[in-house]
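Visitor: Given next are the chains, with one letter for each unit.
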Amino acid sequence: MSGAAKSRWFAGAAAATLALLLIALYWALIGAPTEATMGTIQRIFYYHVPAAFSAWVAFGLNAAASAWYLARRSPKADALAVAGAEVGLAFLSVNLISGPIWAHPVWGVWWVWDARLTLTLAMWVMYASYLILRQLTPPGSLQPRLAAALSMFFAADIPIDYMAIRWWRTQHPAPVLFGGPDSGLAPRMLVALLWSLAAFLALAGLLMWMRYRQALAQDELRRRRQQQLLAQEA
Amino acid sequence: MPSWRIAAAVAARDLRIEARTREALLAMGFYAVLVMVIFSFAFAGDASLTGLAGGGLLWVALLFAALVALDRSFSREAAESSWTGLLISPAPRVAVLAGKFASSFVLLLGLEALLVPLLAVLFNAPRSANWGGIAVTVLLGSWALAANGTYFAAMSAHARQRGLLLPLLLLPVSIPAVLAMVEATQAYLAGGGMANYWLRILAGYNVIFTALGAMLADAVLEAE
Amino acid sequence: MLSATCFLRCSRLSRFFGDFAALRQVELACPAGTLTALWGANGAGKSTLLRILAGGLRPSEGEAWIGDAAAGTAAARRQTGLLWHASLLQPALTVAENLRFYARLYGLSAAAAERALAEVGGELLGARRVGELSQGMRQKAALARCLVHAPKLLLLDEPFASLDSASVGELQATLARLREGGTTILASSHQAEPLRALADAELTLERGRLSAGAASHA
Chain B
1 MSGAAKSRWF
11 AGAAAATLAL
21 LLIALYWALI
31 GAPTEATMGT
41 IQRIFYYHVP
51 AAFSAWVAFG
61 LNAAASAWYL
71 ARRSPKADAL
81 AVAGAEVGLA
91 FLSVNLISGP
101 IWAHPVWGVW
111 WVWDARLTLT
121 LAMWVMYASY
131 LILRQLTPPG
141 SLQPRLAAAL
151 SMFFAADIPI
161 DYMAIRWWRT
171 QHPAPVLFGG
181 PDSGLAPRML
191 VALLWSLAAF
201 LALAGLLMWM
211 RYRQALAQDE
221 LRRRRQQQLL
231 AQEA
Chain P
1 MPSWRIAAAV
11 AARDLRIEAR
21 TREALLAMGF
31 YAVLVMVIFS
41 FAFAGDASLT
51 GLAGGGLLWV
61 ALLFAALVAL
71 DRSFSREAAE
81 SSWTGLLISP
91 APRVAVLAGK
101 FASSFVLLLG
111 LEALLVPLLA
121 VLFNAPRSAN
131 WGGIAVTVLL
141 GSWALAANGT
151 YFAAMSAHAR
161 QRGLLLPLLL
171 LPVSIPAVLA
181 MVEATQAYLA
191 GGGMANYWLR
201 ILAGYNVIFT
211 ALGAMLADAV
221 LEAE
Chain H
1 MLSATCFLRC
11 SRLSRFFGDF
21 AALRQVELAC
31 PAGTLTALWG
41 ANGAGKSTLL
51 RILAGGLRPS
61 EGEAWIGDAA
71 AGTAAARRQT
81 GLLWHASLLQ
91 PALTVAENLR
101 FYARLYGLSA
111 AAAERALAEV
121 GGELLGARRV
131 GELSQGMRQK
141 AALARCLVHA
151 PKLLLLDEPF
161 ASLDSASVGE
171 LQATLARLRE
181 GGTTILASSH
191 QAEPLRALAD
201 AELTLERGRL
211 SAGAASHA
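Protein chains in written order, with our numbering: chain B, 1 to 234; chain P, 1 to 224; chain H, 1 to 218.
Calculated directly from the structure, the hints in this document are not laboratory data.
All figures in this text were calculated on a predicted structure; none of them were measured in a lab.
Take the hints with a grain of salt, since some may be wrong.
The following label-pair restraints were derived from C-beta to C-beta distances [said to hold, decoys possible]:
(1) Gly33/H / Leu221/B: 41 to 49 Å
(2) Ser11/H / Arg5/P: 30 to 38 Å
(3) Leu216/B / Asp164/H: 52 to 60 Å
Sample of chain B residues with no beta-carbon within 10 Å of chain P, all distances over it, derived [what the hints assert, rightly or not]:
(4) Gly60
(5) Trp102
(6) Met123
Reference listing, derived: stretches of chain P covered by chain H, where coverage requires no fewer than 3 residues with Cβ under 8 Å from a Cβ of chain H [said to hold, decoys possible]:
(7) 14–26
(8) 72–82
(9) 85–91
Where a beta carbon is used, it is the ideal one built from N, C-alpha and C, also for glycine.
Extracted from the complex, chain B is given alone in its bound form (with noise of 0.2 Å):
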């Protein structure tokens, strides 16, 4: 793709994403019914939801963009890996942020240590100390590797995790703070977390894109700095 298709497939692809997002905030804010019991706090479920997704799929792009990388060592794996890693952990944090601030004037606590908390939130240390594992390692070789490394770590553990700290719950009972999106909603509430999850994966997906595009832009600056070093004489 030429330079300025890719620009123009750009343009079309965020105008898209800023349509779902109006459309979603409308029906998050006034298209949805006021929730029976919880009021209009219940709202930012329409946000907590699609972030925890789009986290999640994200995630899932950084484990499957690392095991390319430590097959092929592809630099468009590394990009797409910390693409991944970066707009995942955003995501996660706005799903981390917005869960608090819904539970306390609902419940009374900020914070219980339920199984989907726990896991959330060793998540994002998880993948802040791939960030931070990238931010102290040199680039070239090395970074890369190393990264994809833990990103299969990770890939692993999540599922042990989900399944040791339920059963762990399941011990020690704690309040489920949130009933979750099966726990009956109405037809109105169905479609605007769908809205809503819509325009936060194509947030998310335009994001990465960016950031992808970045960092091998990044990378191939890298390489021609290097030629140009060759180049000159010393």
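Dock chains P and H against chain B, hints included.
Guide: Coordinates of chains P and H only, in the frame set by chain B:
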């Protein structure tokens, strides 16, 4: 060139150095004692608390000790650049990693042999405690910490601020294992509960992550 | 240049550390059984080149070959010994313990360690802890370490630095003997004399680039 021989040679060398210098052991012991003292303030002489939180106490102490042992395992190689000697050899990376794991594991077990009885005495562990079960838990838990810890210590050896990176990488990934260790120890101390389930999680965790570390050994020990 | 048949070959070898070009498109061809001297000021890239050849660093670009094997592969490592400015020995252990460890690491028996120590005339050092040794003795122990696996290629980084005249003579004799035995040797220095007398060929690195040497290979 059987890999296990190389691993054994690496482990033997590390342990021999440790026997001569005792640097890691002293630091490990210090942290363990420090944790015990602080917890003694928290428990304020209430023996029943051991039944409730003894598991946590033991593993906090062991986690600190493990971090020391793991860090030493690689920082020891800075002496006379001996790490370069390991790196340029044809020895399979898995073997070197396995040797490092073994030496950290042994050091941890050595500390635990002293620490667990000491804790039992100082904190008046309940008489009905299942010590056999606790021994198995300690064994499996130390394996988990030493295995992943060695891998991440090797990983962070490449980075700046190694001391920050090792716990940052190790602890989140270790969450299911630490949960299992603490819960199992607690269950055995209280004399009952679902300890067996936790041990199975821990054993499964060890299998999966030891295999993963072995498979990905080259990624973390290759030349820059 | 006899590129295809030379034991040690480099082609367009470059290495970057961030924005710094430590090596720029280095080409090298050393026939077997020769001793090549590598001159260059501090920071010229000599150590970087030696590390890449030993497999301790990957090149950013280009290739290096040791015999039939690419540098950095296990086959190449088996044939390469590196004498570094640090001894690569654990100070808390004795020389013999260190050497036996390296023998094990390379898949050899303890006899290989004893043989290597004898080869450098260091039998008396065996029971001494590395941390207690003087610079010259440590160098000797380090040389024994490189020879444990009888490498066909010996890489030396500033081997004559801080040695007294007696040790210099000993090292020269050892290197000459090794060369007679067919070992290929590449030694770096920024001091000329002890190395120049031995060298079959000379190369100079200047800010990462090789400039033409004085004598050429026979």
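Visitor: Report holds if the minimum CB distance from Gly60/B to chain P is greater than 10 Å, and violated otherwise.
Guide: Since the minimum Cβ distance to chain P is about 18 Å, Gly60/B lies beyond 10 Å and the statement holds.
Visitor: Taking the CB of Leu216/B and the CB of Asp164/H, does the distance hold inside 52 to 60 Å?
Guide: holds, 56 Å
Visitor: 30 to 38 Å was suggested as the range; check whether the CB atoms of Ser11/H and Arg5/P agree with it.
Guide: holds, 36 Å
Visitor: Counting residues of the stretch 14–26 of chain P with a beta carbon closer than 8 Å to any beta carbon of chain H, are there 3 or more?
Guide: holds (count 4)
Visitor: Run the C-beta distances from Met123/B to all of chain P and say if the shortest one exceeds 10 Å.
Guide: violated, 8 Å
Visitor: Given the hint of 41 to 49 Å, is the C-beta distance from Gly33/H to Leu221/B inside that range or not?
Guide: About 45 Å separates the Cβ atoms of Gly33/H and Leu221/B, which means 41 to 49 Å holds.
Visitor: Count the residues of the stretch 85–91 of chain P whose CB lies closer than 8 Å to any CB of chain H, then report whether that count reaches three.
Guide: Per the Cβ count (7), the hint holds.
Visitor: Is the Cβ of Trp102/B more than 10 Å away from each Cβ in chain P?
Guide: holds, 25 Å
Visitor: Verify the coverage statement for the stretch 72–82 of chain P against chain H, using a C-beta to C-beta distance below 8 Å and requiring 3 or more qualifying residues.
Guide: With 5 residues in contact (Cβ-Cβ under 8 Å with chain H), the coverage given for the stretch 72–82 of chain P holds.
Of the numbered hints stated above, the single one contradicted by the structure is hint 6.
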